[in-house]
Amino acid sequence: MDTAALLIIEVLNGIASLALACAGLAIIFGMMRVINFAHGEFMMLGAYTTVVCTKTLGINIWISMLIISPIVVGIIGIIVERTFIRFFYGRMIDTLIATWGLSLLLIGIVTAIFGNIIEGVSAPMGSFEVGIYNVAQYRMVLIGIVILLFIGIFLVLTRTKLGLIARGTMQNPAQASVLGISTQRVYMVTFALGAALTGLAGGLLAPISQVIPTAGAAYVAQTFITVITGGTGAVTGTLVASGVFGTVRQLLSYEFTPVLGGVGLLIVAVVLLRLLPQGITGKIFRRSL
Amino acid sequence: MTVLGVNLRNWETWGTILVGIAMVVLLFAGPHIFDLFLLFKVTLFVAMAILALSMGFIWGYGGILCFGQSAFYGLGAYTYAIAVGNIGESTAPFLLAIVVPGAFAALLGYFVFYGRLSDVYLAVVTLAVTLILYNFMRSTAGEEYVIGAQRLMGFNGISSIQPINWPGDGSAWLLPDEIFHLAMFCLIACYFGLKLLNRSHFGRVAVAIRENELRAELLGYDVRLHKLQTFTIGGAMAGLAGCLGVNFNSFVNPDVFALNFAAEIIMWTLIGGLGTLVGPMIGCIGLLMLKFEIGQQQITNTYLIFGGIIMLFVLLVPAGLLPTARQLGERYLPMLRADGAGDGRGREAAQ
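Protein chains in written order, with this note's numbering: chain A, 733 to 1021; chain B, 20 to 370.
Please note that the accuracy of each hint is not assured.
Short, incomplete list of chain A residues facing chain B, as computed with Cβ under 7 Å [what the hints assert, rightly or not]: (1) K787; (2) V991; (3) G994; (4) V1002; (5) P1009.
To give an idea of the interface, some chain B residues facing chain A are shown, with a C-beta separation under 10 Å as derived from the structure [as the list claims (entries may be wrong)]: (6) L141; (7) S158; (8) L289.
Between beta-carbon pairs, the in silico distance windows are [what the hints assert, rightly or not]: (9) A/I791 with B/Q315: 38 to 44 Å; (10) B/A168 with A/L739: 50 to 56 Å; (11) B/S179 with A/N848: 28 to 34 Å; (12) A/T892 with B/T321: 50 to 56 Å; (13) A/D734 with B/L63: 52 to 58 Å; (14) B/S179 with A/T735: 42 to 48 Å; (15) A/D734 with B/S179: 25 to 31 Å; (16) A/G847 with B/T343: 54 to 60 Å; (17) B/L335 with A/Q907: 28 to 34 Å; (18) A/V1003 with B/L334: 54 to 60 Å; (19) B/Q315 with A/L887: 52 to 58 Å; (20) B/R135 with A/Q907: 39 to 45 Å; (21) B/A191 with A/I999: 41 to 47 Å; (22) A/Q903 with B/R135: 22 to 28 Å.
In short, the hints are calculated from the structure, not lab data.
Where a beta carbon is used, it is the ideal one built from N, C-alpha and C, also for glycine.
Model the full assembly from the supplied sequences, consistent with the hints where possible.
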């Protein structure tokens, strides 16, 4: 019984952290079609922001994670978008190499500043008991934050003018610009939002992962696989794919080894895409976003 | 102005002839101009160039964006290592290192092309397969992971792999300059083989599919089969590259299946120029040399400089080296202007 409860928490937690890591990419790749190979490095920057704020500046960890990390990475996103990414819109394959260079540069800059050493912050709050097991409260809070975050993304995209304009611009930039919308500005804001979400993910995952300049590499492959398997409806697809992958990975990791969990995720991705060649939302939830 | 059916006013003809001459000169002069250390390095470059060539073919001409071309390279490398560890004579392992990745490519190709996968979905499936191999190979450190007499050795990798020998005599190992000759010969064979293939009916249909899959299908070509064949040729060629790459330092580890290596092959192709054969080779060798040179300096960390150079490059030369050079050449050397026959327009189509 206790084990079952623990397992459910583990699975939910696995889903939440995967969905969290993918949220920014769902916007930047899913909506904007920019293959952001520097996605992991944006997360790494968010994690470093949290570490620096809490450890060096002594700011409350919640403020660092939830507010400062997304703002800092969002601003970095705007700078990068204005000076670099904006030249590559509409050339999806070229964004791959452009952001690859960017990811190396960011690793280089962070290494130059902080050195190639492992940083980290301890998770806030204590733990509670599930029968004989101890579960960190932070992990539960994380699940809650991710649920709120995705509800927020949905509401912004579907219920606000900003979301409507952003979706319209991504669908048909020429038409949007004819209607008097500054597409450049929309691209900039959307990219910044995606970057901020990624920074938030980095900050929130900092207490439960190692923070080193090359930490991003661990996330790139699995986030891309998740978002692409999700299909054209980026946000819904990412959520569904995270649900499937998180469950498979966590159960296999629990039953066998974490390595097998990772392999299981990849195998499920391959099989899913063979059955649904346009991704999950290519077939089901077709009218979702 | 044509001689023997070859259009002499076409820059491409001259390019092919020049590349051919350069490669043959290098084949014979290589061991004389390079010292031993450099010769080893150049041998690795040649093996990588074959890999780049395979990517340039399937992506630039076949329109197949495979994010896991390194999987076939790694399979070739591991197949050779395991087979030569068991057999002790390298003729069969050499052939196996081509056949096994080719067969694997055919299997994977059947799985994806007959499932109508394309675009980023195809890329992500091939990447996932590569990472599965990566994870699997890393976890084979235990003694139970043995194929014949050869342990797989997990993340430590297989070392002291026996080099290629003269066919039939397991003790007559090839010397470094002979391995260089072999690698260079394979590169030349692959390059001209692909050139001929691209001029054949098969190659033209491949390009037609790249340009417009639906139209090619409606004209009656079996798009799936054609892509499968293209993919299999690319896989076998990458396997050959892996076999030669192993001979460079008698060592292979699971890093050949890692994300970084997989991505790098794509970068070579983009930097050199998609839709050409020489471009990916230039991109490959250029990037490898650049990485090596930056690794030598002591001023600041490698990532910073390398990343900065890549970013500047994509801003300044967005079309890739070879297409840009071609554009400049056609502008300033009007006699080389192609009569609309160039095939450098694969870039848009492949996206």
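Hint check results:
1. The beta carbon of A/K787 comes no nearer than 23 Å to any beta carbon in chain B, farther than 7 Å, and the hint placing it at the interface is violated.
2. The criterion of a C-beta within 7 Å of any C-beta in chain B is met by A/V991, whose closest approach is roughly 5 Å, and the hint holds.
3. For A/G994, the shortest C-beta to C-beta distance to chain B is roughly 6 Å, which falls under 7 Å, so the interface hint holds.
4. Annotation: A/V1002 was flagged as interfacial toward chain B, and the flag holds, the nearest CB pair being 5 Å apart, inside 7 Å.
5. Hint status for A/P1009: holds, given a least beta-carbon distance of 5 Å to chain B, under 7 Å.
6. A cut of 10 Å between beta carbons decides the hint on B/L141: the least distance to chain A is about 9 Å, and the hint holds.
7. For B/S158, the suggested interface contact is upheld, since its CB lies about 5 Å from the closest CB of chain A, less than 10 Å.
8. Hint status for B/L289: holds, given a least beta-carbon distance of 5 Å to chain A, under 10 Å.
9. Remark: the range hint 38 to 44 Å for A/I791 to B/Q315 is upheld by a beta-carbon distance near 41 Å.
10. Evaluation of the 50 to 56 Å hint for B/A168 and A/L739 yields a failure: the beta carbon distance comes to about 42 Å.
11. For the pair B/S179 and A/N848, the supplied restraint of 28 to 34 Å holds, since their beta-carbon distance comes to about 31 Å.
12. In this structure the hint that A/T892 and B/T321 lie 50 to 56 Å apart at CB is violated, the actual value being about 44 Å.
13. The given range of 52 to 58 Å is respected by A/D734 and B/L63, whose C-beta atoms sit roughly 55 Å from each other.
14. Remark: the range hint 42 to 48 Å for B/S179 to A/T735 is upheld by a beta-carbon distance near 47 Å.
15. At about 51 Å, the CB distance of A/D734 to B/S179 disagrees with the hint of 25 to 31 Å.
16. At roughly 38 Å, the beta carbons of A/G847 and B/T343 sit outside the given window of 54 to 60 Å.
17. At roughly 32 Å, the beta-carbon separation of B/L335 and A/Q907 lies within the given 28 to 34 Å, and the hint holds.
18. Range check, A/V1003 to B/L334: about 40 Å between beta-carbon atoms, so the 54 to 60 Å window is missed.
19. Taking the beta carbon of each, B/Q315 and A/L887 are about 53 Å apart, inside 52 to 58 Å as hinted.
20. For the pair B/R135 and A/Q907, the supplied restraint of 39 to 45 Å is violated, since their beta-carbon distance comes to about 30 Å.
21. The beta-carbon spacing between B/A191 and A/I999, approximately 44 Å, falls within the hinted interval of 41 to 47 Å.
22. Taking 22 to 28 Å as the suggested C-beta distance range, the pair A/Q903 and B/R135 conforms, at roughly 24 Å.
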